[in-house]
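Take the given structure of chain A and dock chain B to it, following the hints.
Number of protein chains: 2
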Amino acid sequence: MPEDKSFHMTPDEFRKLGHQAIDWIADYQRNIESYPVLSQAAPGQIRAALPVDPPAHSESWAKILEDLDRIILPGITHWQSPNFFAYFPSNNSGPSILGDLISSGLGVQGMLWATSPACTELETHVLDWLVTMLDLPRKFLSTSEGGGVIQDTASSASLCAILAAREQTTQFQANQQGCNGKLVAYTSSQAHSSIEKNVKIAGIGADNLRLIDVDANFAMRPEALKKQIEHDLANGRIPFFVCATVGTTCSNALDPVAEIGRICCQHDLWLHVDAAMSGTAALCPEFRYIHDGIAAADSYTFNPHKWMFTNFDCNCFYVADRSALIRTLSVLPEYLRNQATESGAVLDYRDWQIPLGRRFRSLKLWFVVRHYGIEGLQYHIRRHVELAKRFAQWVANDKRFELAAPVPLNLVCFRHKGGDEANQKIMDRLNRSGDLYLTHTRLNDRMTLRLCVGQTHTQARHVERAIERICEEAARI
Amino acid sequence: MPEDKSFHMTPDEFRKLGHQAIDWIADYQRNIESYPVLSQAAPGQIRAALPVDPPAHSESWAKILEDLDRIILPGITHWQSPNFFAYFPSNNSGPSILGDLISSGLGVQGMLWATSPACTELETHVLDWLVTMLDLPRKFLSTSEGGGVIQDTASSASLCAILAAREQTTQFQANQQGCNGKLVAYTSSQAHSSIEKNVKIAGIGADNLRLIDVDANFAMRPEALKKQIEHDLANGRIPFFVCATVGTTCSNALDPVAEIGRICCQHDLWLHVDAAMSGTAALCPEFRYIHDGIAAADSYTFNPHKWMFTNFDCNCFYVADRSALIRTLSVLPEYLRNQATESGAVLDYRDWQIPLGRRFRSLKLWFVVRHYGIEGLQYHIRRHVELAKRFAQWVANDKRFELAAPVPLNLVCFRHKGGDEANQKIMDRLNRSGDLYLTHTRLNDRMTLRLCVGQTHTQARHVERAIERICEEAARI
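Chains A and B, in that order, are what the protein sequence lines are. Position 43 of the first sequence, counted from 1, bears residue number 43 in our numbering, the numbering being contiguous throughout. Position 169 of the second sequence, counted from 1, bears residue number 169 in our numbering, the numbering being contiguous throughout.
Bound conformation, chain A alone (with noise of 0.2 Å):
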């Protein structure tokens, strides 16, 4: 058998052509704002272009980048663009996309300590700085009961808090005979939508999810949500899980947290609180009244992949009792023991998530914390806020708009007096013109567009191109 055959690339081969993809990525992000932020590609435009089978034999490099600029650009929704405004961001930047590279190229699968240990050692002490760094209560911190991992997203880490807070209330039992349809959990109408899953996926089911009602600014009501626990134990259910949101995705709303702690102290019931875009603003001393009551939380998770410059996927997920999410969450078959996790001594990951294997994902936020200092995170933020306001100002003066929710941070939801036609059209027209991307939502039972400045690279100039387009489609109406 020949040693000398090979398809692989060599370091050199990797080097050179490694260069080729980072000037490619250099010039992608200087040309970005030329392409339409929306893709205009129709449903199968891209697949039509793919060859029907696929390579026999090896392709070139060059064949490869150049159907990524001839195949693949048209059909890329550029979430990279400063004028992206639609849903909530989801970020990269220069150090962010370099970590995750250093990440791939060592290529370390680290479900457990013994399998990396800087894997392990670098998420828990990053995601301790973040406590530090976004004013976390310090039950958070793995040097206390707590500790905080890296997950995929927010509805993976609401998921775990879901299932440690169902182990929790049956003493381990769903776990082991599974669930018997009497735990009954709590969100608010406003709540994202992964929380309705995951009850689903976790056994719950969607019929014993209450969704609680809410104020005139979108948050929840705690006092209908203390009646409905009654209600529900009057009634011989079992109540196990509240989850509060800081910043819903329709329109940011903050649930008053502080309030819904009481309660949910009182019935000792797991407090999650889900603050997937907004908990990144806690990085600024003037936003961190948002987190008001999270000392009460039993969990809580935070997105840097949406708003803090780090690349999907980046969610941080602490708890405030480490073992009872371990306890949920370990199997320990022969395969996996080592002497570093029976010392005790350690951390292992893969008992603080869903999958066993896991990237490097640390890598990536550590090159961000680091690049940016806290100072440079903070900077971004406020810009951001204000150019929030600058455009909700904008919205408030202009008798054809109004605002349809309050602007507490980034997001501002408005809409064109003219109604849910009006509103449809100026968006669809807006997305279809390829110069910025918002998307809607319903508030009041009403078609609402929702602006989010949180883009990376947005600046003012942006903001103002977004008012001047909406303003000429308007005029269209």
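Certain hints may be false.
To be verified - Computed Cβ-Cβ distance ranges for the label pairs, DEER-style:
| no. | chain 1 | residue 1 | chain 2 | residue 2 | range |
| --- | --- | --- | --- | --- | --- |
| 1 | B | Asp27 | A | Arg442 | 37 to 43 Å |
| 2 | A | Gln176 | B | Ala475 | 17 to 23 Å |
| 3 | B | Gly44 | A | Asp445 | 53 to 59 Å |
What the hints assert, rightly or not - Straight line, CA to CA, 25 Å or less: simulated PhoX-like cross-link-like pairs of lysine-lysine:
| no. | chain 1 | residue 1 | chain 2 | residue 2 |
| --- | --- | --- | --- | --- |
| 4 | B | Lys425 | B | Lys399 |
| 5 | B | Lys63 | A | Lys182 |
| 6 | A | Lys63 | A | Lys16 |
| 7 | B | Lys16 | A | Lys16 |
| 8 | B | Lys63 | B | Lys16 |
I should point out that these hints are in silico values taken from the structure, not numbers from a laboratory. All residues carry an ideal CB built from backbone N, CA and C; glycine is no exception.
The following block gives chain B in isolation, referenced to the frame of chain A:
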């Protein structure tokens, strides 16, 4: 507010630092054999070298790269070393790293078709290619009633399979009302630990997972499965799901899928096939027998991130009836509604997985398939199997050692005849030496060493050196 101040990397800075990062990886690839494969770090060593407080101000790239060498590298277990024979591999390769780099650079979040059509369509297309490449049943093609999707891990894929099976059996009532403790799942006593973890997560309960006996080759005994199902039915239980394994983690045992499939058909049970590592072997026609009988499977999964040179995370999950999966996992809030989704002409992969958000993972898989071509992938798979057989031949010929299980592909289970303690000593000494890394399992309640030949760059000389080193350590017993 000044426009010019910014902490972001400019495209030109990114280009320069990106080249340095690529060079760092190329150097790492070149030097990888000089590092001890298993990290020799002590618990807490990495954290102790990191500053307690997060950086207030921006730090330089030079400092970050220096810390990568000084702090992180000593804490790395080198999964990309050709002397890595532990667990199952988790490989990267040049084209895969570059595909993942472009994905980070594009920064696409592909939860919906509309949020980047290319992300969805390339994924569908490459997963259809793999149906052809592995000669899987055509019902798994997206052009039939089924289709494929990329998940993070086989754990998550199996969870999705369990959930879809649960909902199909309960006519989607478990999603609504929660589980009721009556459903029963089946797998072999040698199946991956994620099956137990997943039945817990899904509210089925570990007590309701039957671990079916295996034969002398550690493959599931179909008659035992049949008997157990009949017993459960007689006791009013509801069998709903069977997981067959093609290549168990312990010993690479191949469950008799065809016979298991007949039993599943007879009782109308969902058959899931977990071929996490070994599925890749089906790239070569001579190994396709491992999939005999999967025509009966409702779902199938294998991991290109194990043995197909595509870096973590990249699992392929196929279903025969995508509507069951989608109906199980779909929740549609207003803020995700869009015309493409409502037209019914597109797939939204958020409905095929646990989390909402998703990364553009098919790029790296596309790059790998195109760089190697089918020919290149087959070449390396065949070499790995040949090297494993060569190692097994040595074991069979050395009187001090014995094979502990058949060697169908690239995993060799073997042991020193001196008993558990001798094997533990040999393994610990080898791993501590840093020359190679292998792990263990228990078979027939005896400590058994596992040597898996599957790392991207493992060649004959690495396997020969492993034999030499094992002999050296055996001589010291």
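Hint by hint, here is what the structure shows:
no.	hint	result
1	Asp27/B <-> Arg442/A: 37 to 43 Å	violated, 54 Å
2	Gln176/A <-> Ala475/B: 17 to 23 Å	violated, 48 Å
3	Gly44/B <-> Asp445/A: 53 to 59 Å	holds, 56 Å
4	Lys425/B <-> Lys399/B	holds, 18 Å
5	Lys63/B <-> Lys182/A	violated, 55 Å
6	Lys63/A <-> Lys16/A	holds, 15 Å
7	Lys16/B <-> Lys16/A	holds, 14 Å
8	Lys63/B <-> Lys16/B	holds, 15 Å
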